[in-house]
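Let the hints inform the model, and build the full structure from the sequences given.
There are 2 protein chains.
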Amino acid sequence: MSVAPLKPGSAIGIIGGGQLGRMLAMAAARLGYKTVILDPAPEAPAAQVANRQIVAAYDDPAALTQMANLCDVVTYEFENVPVAAVEWLEARLPVRPGSKALKVAQDRLLEKAMARDLGAQTALFAPVATRSDLDAAMAVTGLPAVLKTTRLGYDGKGQARIVRPEDADAALQAMAGQMAVLEAFVHFECEVSVIAARGLSGEVCAFDVAENIHRDHILHTSKVPSALGPEAQTQALGIAEAIASHLDYVGVFAVEFFAVRDGEQHRLLVNEMAPRVHNSGHWTEAACAVSQFEQHIRAITGLPLGNTGRHSDCVMENLIGDEIDTIGEIATEKGAVIHHYGKAEARPGRKMGHVTRITQKTA
Amino acid sequence: MSVAPLKPGSAIGIIGGGQLGRMLAMAAARLGYKTVILDPAPEAPAAQVANRQIVAAYDDPAALTQMANLCDVVTYEFENVPVAAVEWLEARLPVRPGSKALKVAQDRLLEKAMARDLGAQTALFAPVATRSDLDAAMAVTGLPAVLKTTRLGYDGKGQARIVRPEDADAALQAMAGQMAVLEAFVHFECEVSVIAARGLSGEVCAFDVAENIHRDHILHTSKVPSALGPEAQTQALGIAEAIASHLDYVGVFAVEFFAVRDGEQHRLLVNEMAPRVHNSGHWTEAACAVSQFEQHIRAITGLPLGNTGRHSDCVMENLIGDEIDTIGEIATEKGAVIHHYGKAEARPGRKMGHVTRITQKTA
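As given, the protein sequences belong to chains A and B, one line each in that order. Quick note on numbering: my numbering labels position 69 of the first sequence as 54, and the sequence is numbered without any gaps. Quick note on numbering: my numbering labels position 340 of the second sequence as 325, and the sequence is numbered without any gaps.
Because the hints were derived from the structure by calculation, they are not lab data. Watch out, some of these pointers could steer you wrong.
Stated by the list, open to error - Okay, derived cross-link-like pairs now, DSBU-like style, lysine-lysine, Cα gap no bigger than 30 Å in a straight line: (1) A/Lys319 <-> B/Lys208; (2) B/Lys336 <-> A/Lys(-8); (3) A/Lys319 <-> A/Lys85; (4) B/Lys346 <-> A/Lys319; (5) B/Lys336 <-> B/Lys85; (6) B/Lys336 <-> A/Lys336; (7) A/Lys208 <-> A/Lys319; (8) A/Lys319 <-> B/Lys(-8); (9) A/Lys208 <-> B/Lys319.
Said to hold, decoys possible - Rough simulated footprint, nothing fancy, chain A against chain B, three-plus residues with beta-carbon under 8 Å: (10) 3 to 16; (11) 26 to 40; (12) 264 to 275; (13) 281 to 289; (14) 294 to 306; (15) 310 to 318; (16) 325 to 338.
Said to hold, decoys possible - With beta-carbon atoms standing in for the labels, derived distance ranges: (17) B/Ala348 <-> A/Lys319: 13 to 23 Å; (18) B/His202 <-> A/Ala348: 51 to 61 Å; (19) A/Pro215 <-> B/Asp233: 47 to 57 Å; (20) A/Pro215 <-> B/Val40: 28 to 38 Å.
The beta carbon of each residue, even a glycine, is placed where N, CA and C say it ideally should be.
Shown next, in the form of structure tokens:
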């Protein structure tokens, strides 16, 4: 199937106006596309570099009508967009990626089941609604394990660790009655992720695997190349391809893995997927000719996918809360590529910017 | 002198809303600054990625008052801004670079005299107001020579070549009564330019010299590294430093040179300077951690100047008029970094976008 790409000057709607939308909007502009941001917060980070913002809730009917009228294609920058809003839009114009991927990504249980059904490995897991489910689940996973709400969790929110059986009650209580999933604790050597893209024609390609370090459940650094060998890249790409084809996916997505040592090699266990550009792919903007943001715009507009080659080694570091105040010092560093998200207030735990330090390519 | 840099969230006014303003606005956003564009054309390319546009003439008093009220610093993206407007703003807030550089850059005669006074070489030249001036000037320069209006010429406009004495009358007529300068024709081996920056603290640094090819008087390609040796880089930087200090310059500027073979070496003759980011520096966005656009924003906000190191070799090619329609094919090329300026209409001779092709660094 070959479809003519959207003409420059066409409008891309982006649901969500945070830093991911901001970087998408700039990538769209560089390819000559206009952008319309839907976000309830006035002067959202993305809106500051977009042609237009609709200030409204994500499921506001008038706002969605306006999006459908103004835009040639719609995408989203976070996975907690109401599925009903995306389905409503999908009936009127292309939404890429669509509601199918969104539904899976909004539910940890569907996500893990999909990965396992596609032949990928995951940590042992079991669904938990009641106290007796939890007992059965602990028998499956063993301890320690982590209980997580199936929906709306991010950056460690909605999670409770169970180290000994007597932690079970408190963990279940922390779920506040929401459907949950118990996952076996994985003794991983490192966490890695792959940022891949599937084009309108079905082609899939991926950037180099990044090695990620989290702090307080929030991504701290992503390093490329990772410590893993080329076989990890092959494994990761294979899993990404299977997921993307299964979901009829169009656009960029991320798959996060635990890498477990297995003799001389590593096995990758799927942790979770994100149906969008991803924090662990920000390094591509500094170290590749085509960034994950441009790649996503290329995919959803029907342009050919870009080359994912990397010209430099790099380490991306998030600037969280008042770490953003170090930007003046960072600006003195050789090879530092700075990105400030234009957020007015530096609350603790809030992603305010990032810096990618590039160095000569070694591998 | 050490001044605290402008805080993120501060507003930068940009006079002129073309592609240079567009790339400046995106660089400003990446550093967390807001932008206000002054341009008479609604939805100007820069305004599409800026926080705000004031749609008015460059010398509109109400618009200038609004700029002064909204902005913390003002800059410009083209050198034909009315000097009076910049002087009016300068009395109220920092304008970087200021009116001093603008006056020189608006007058070819002042520009060449300054270069010569600073010890740089230029082609032989002489001022021409009348027919008898022209005879005297031809005696200075010899033939062939090029007669150019001293003001408002760009991309070959306002120029007439004099090959034989009998071409003189027509050439003078082409100046339409404007003050002109006759320049000796230079048998150059190549044309090169240097993109340099001077910070608030007086530090000066430069990107690698680019080798430029023009077609129909419009820049066609810029290639880095150039064919010239490291001595050309040293020469070019020396001249740039002298000019910048002389003008108390703050920001990025370009100096274009003719490179003339001189035995094993090359001599550089100053052709002209531009008190702004420059088309022959667009390659920096694809091949350096810090682009000329970010460098300019760093300079005018008081941030330290960025490292000008280059991670890749590259060739930047302008996409003029309907060449922009090839963007879909270019998107299939490995290593191609695309920039589309968001202009609605592809008129002949109009700069619509550019592509930078990066390859592994060789020198």
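So, going through the hints one by one against the coordinates:
Of the supplied pair hints, the one linking A/Lys319 and B/Lys208 holds, its CA atoms being roughly 23 Å apart against a limit of 30 Å. For the given pair, B/Lys336 sits about 18 Å from A/Lys(-8) by alpha-carbon distance, which is consistent with the 30 Å threshold. This hinted pair does not check out: A/Lys319 and A/Lys85 have alpha carbons roughly 44 Å apart, beyond 30 Å. The suggested pairing of B/Lys346 with A/Lys319 holds, with an alpha-carbon distance near 18 Å, which does not exceed 30 Å.
Proposed proximity of B/Lys336 and B/Lys85 is supported: the alpha carbons are some 28 Å apart, at most 30 Å. Taking the CA atoms of B/Lys336 and A/Lys336, the gap is near 37 Å; set against the 30 Å cutoff, the hint is violated. Taking the CA atoms of A/Lys208 and A/Lys319, the gap is about 17 Å. The hint holds against a cut of 30 Å. For the hint pairing A/Lys319 with B/Lys(-8), the CA-to-CA distance comes to about 21 Å; that is within 30 Å, so the pair holds.
At most 30 Å may separate the alpha-carbon atoms for a hinted pair to count; A/Lys208 and B/Lys319 meet this at roughly 23 Å. Only residues whose C-beta sits within less than 8 Å of a C-beta in chain A count toward coverage, and the segment 3 to 16 of chain B has 6 of them, enough to reach three; the restraint holds. Counting residues of the segment 26 to 40 of chain B whose C-beta lies closer than 8 Å to any C-beta of chain A gives 5; at least three are required, and the coverage claim holds. Taking a C-beta to C-beta cut-off of 8 Å, the segment 264 to 275 of chain B contributes 3 residues in contact with chain A, enough for the three needed, and the coverage statement holds.
With a threshold of 8 Å between beta carbons, the proposed coverage of the segment 281 to 289 of chain B by chain A holds, since 3 of its residues qualify and at least three are required. Counting residues of the segment 294 to 306 of chain B whose beta carbon lies closer than 8 Å to any beta carbon of chain A gives 3, which meets the minimum of three for the stated coverage. Check result for the segment 310 to 318 of chain B against chain A: holds, 5 residues qualifying (beta carbon to beta carbon below 8 Å, three or more required). Under a criterion of three residues with beta carbons nearer than 8 Å to beta carbons of chain A, the stated coverage of the segment 325 to 338 of chain B is upheld, 5 such residues being counted.
Between B/Ala348 and A/Lys319 the beta carbons are some 19 Å apart, a value that agrees with the proposed interval 13 to 23 Å. About 46 Å separates the C-beta atoms of B/His202 and A/Ala348, a value inconsistent with the hinted range of 51 to 61 Å. Range check, A/Pro215 to B/Asp233: Cβ separation about 55 Å, and the 47 to 57 Å hint holds. Checked against the hint of 28 to 38 Å, the pair A/Pro215 and B/Val40 fails, with Cβ atoms roughly 54 Å apart.
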